[in-house]
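J.: Quick note, the sequences are listed as chains R and D, same order.
Under our numbering, the residue at position 102 of the first sequence is numbered 102, and the numbers go up by one with no gaps.
Under our numbering, the residue at position 192 of the second sequence is numbered 192, and the numbers go up by one with no gaps.
The set of hints was computed from the structure by calculation and includes no laboratory data.
If you're wondering where the values come from, they're calculated on a predicted model, not measured in any experiment.
Don't take each hint at face value.
Unchecked claim - Computed Cβ-Cβ distance ranges for the label pairs, DEER-style:
#, chain 1, residue 1, chain 2, residue 2, range
1, D, R158, R, G91, 43 to 51 Å
2, R, I104, D, L98, 36 to 44 Å
3, D, A50, R, A190, 22 to 30 Å
4, R, L54, D, I74, 53 to 61 Å
5, D, A53, R, W78, 15 to 23 Å
6, D, A53, R, H191, 50 to 58 Å
7, D, L98, R, N80, 46 to 54 Å
8, R, L194, D, S203, 55 to 63 Å
We put the CB at the ideal spot given by N, CA and C, even for glycine.
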Amino acid sequence: MRRGRRAGQEKEAGADMTRTAVNRVLLGLVGLVLLGGGGLLLIGGLNLNRRWHLGLPAHWSVMQPHHAVLTAAQRDQWRNHGWWWPTAFAGLAVLTLLSLWWLIGQLHRGTAGDLPVPVPDRGPRSRTLVRSGALAAAVAGEAEELPGVARARVRVQGHRRRARARVSLTLTPGTAPDPVLRALSDGPLAHIRLATGLTELPAEVRIRADRGPAQRVE
Amino acid sequence: MTTAPAPGPAPLPALPTEAAEVGPGPLRPRRPWSTRRNAAALTALVLTGAGGALLYEEVYIHTGHTAHHWRTRITDALADHSLNNHWVIAGSAVGLVLGLWLLLLALTPGRRGVLPMTGVGTSGVRAVLERSAAGALLHRATLEVNGVKGARVKVGRRRAVIRAVVGFGAHEQAAEELTRHLSAERDRMGLVRPPVVKVKVRSSKS
Chain R
1 MRRGRRAGQE KEAGADMTRT AVNRVLLGLV GLVLLGGGGL LLIGGLNLNR
51 RWHLGLPAHW SVMQPHHAVL TAAQRDQWRN HGWWWPTAFA GLAVLTLLSL
101 WWLIGQLHRG TAGDLPVPVP DRGPRSRTLV RSGALAAAVA GEAEELPGVA
151 RARVRVQGHR RRARARVSLT LTPGTAPDPV LRALSDGPLA HIRLATGLTE
201 LPAEVRIRAD RGPAQRVE
Chain D
1 MTTAPAPGPA PLPALPTEAA EVGPGPLRPR RPWSTRRNAA ALTALVLTGA
51 GGALLYEEVY IHTGHTAHHW RTRITDALAD HSLNNHWVIA GSAVGLVLGL
101 WLLLLALTPG RRGVLPMTGV GTSGVRAVLE RSAAGALLHR ATLEVNGVKG
151 ARVKVGRRRA VIRAVVGFGA HEQAAEELTR HLSAERDRMG LVRPPVVKVK
201 VRSSKS
């Protein structure tokens, strides 16, 4: 199950890391296209090519300030070619489907389903599963018992082999966060790792504070 | 640029093997990069809508129908306005700025509201402290100092500015005392990059 801890560490952020990468690459691409398109139109509209001697080809229609943005002739220039329609359809379909896939990817919260728990006494072919929600509730319940913790919210995300816990702790006013973090690691998180055999279950913890009655923080 | 230098999601550096033997060990304390979920969802929504509408219209025209009103309006507008038209220039500028903004979102870590914690003594845990929580702690600590009547605390990512109102006594002493006390309080938070504590003291108008 384990090919060294290092491998476990590296995939510690799992699916969310992939989503971060995809989101950022695609956002960057869209940004580049917008930047390039807007820049080109602006250069044409303000006649910057000639004024600033940018050296862009002057015969481009987009470099002529009095030229229309997109004339009917330009729009229809490829319309009679055999390749135009299939290409346009395929291109637009790919773009739309890709965007849809991207959009759907943002919707799910990545909650892990059932997680396998190794039980040594049973045969090799039997499997014991634990609901990730039950796991999360157990951690949250135990975390709320820690001194200084007002509320705890826990979600277990990712896939079976690379689940990870997302913990959000709200501390009572005046509680130092560092000892609570250590207590969380030694207590609830250690217990759940021990109990489930998910020794590598990484955790992302976010600590916030309850606003005390007389707080004026800006 | 299209190969994308893989900004945030670069793999974590390999941990020393000694640490690998004893257990998961603390994860590298750095600020995890934001997923940019909202920006991605919004961009994807716009792209899906625009792409879908265009695709629909292309199919619609290709199957022998006349174009919808909205499409002829857009194509007419594009054909009737020259590049130096005010609206075209404004639109291009908006596109340019939007593109810059998206690039900025793609290349910066985000999550500016949290401070990464070292997580010393923990294993497999990556923790962040909200800046407002750090501010609340510092504010509370400020009020513990003798003679402080009130305070405004602003915690940035590199420095925490505390504007304290003191009722009596020498300002310099109060400022020193506050700096000492608040620095100690800050050090108890276990932050990777503890913000520099800056104290400004003024007396209450009475």
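J.: Provide an ascending list of the numbers of those earlier hints which the structure does not satisfy.
T.: 2, 3, 4, 7
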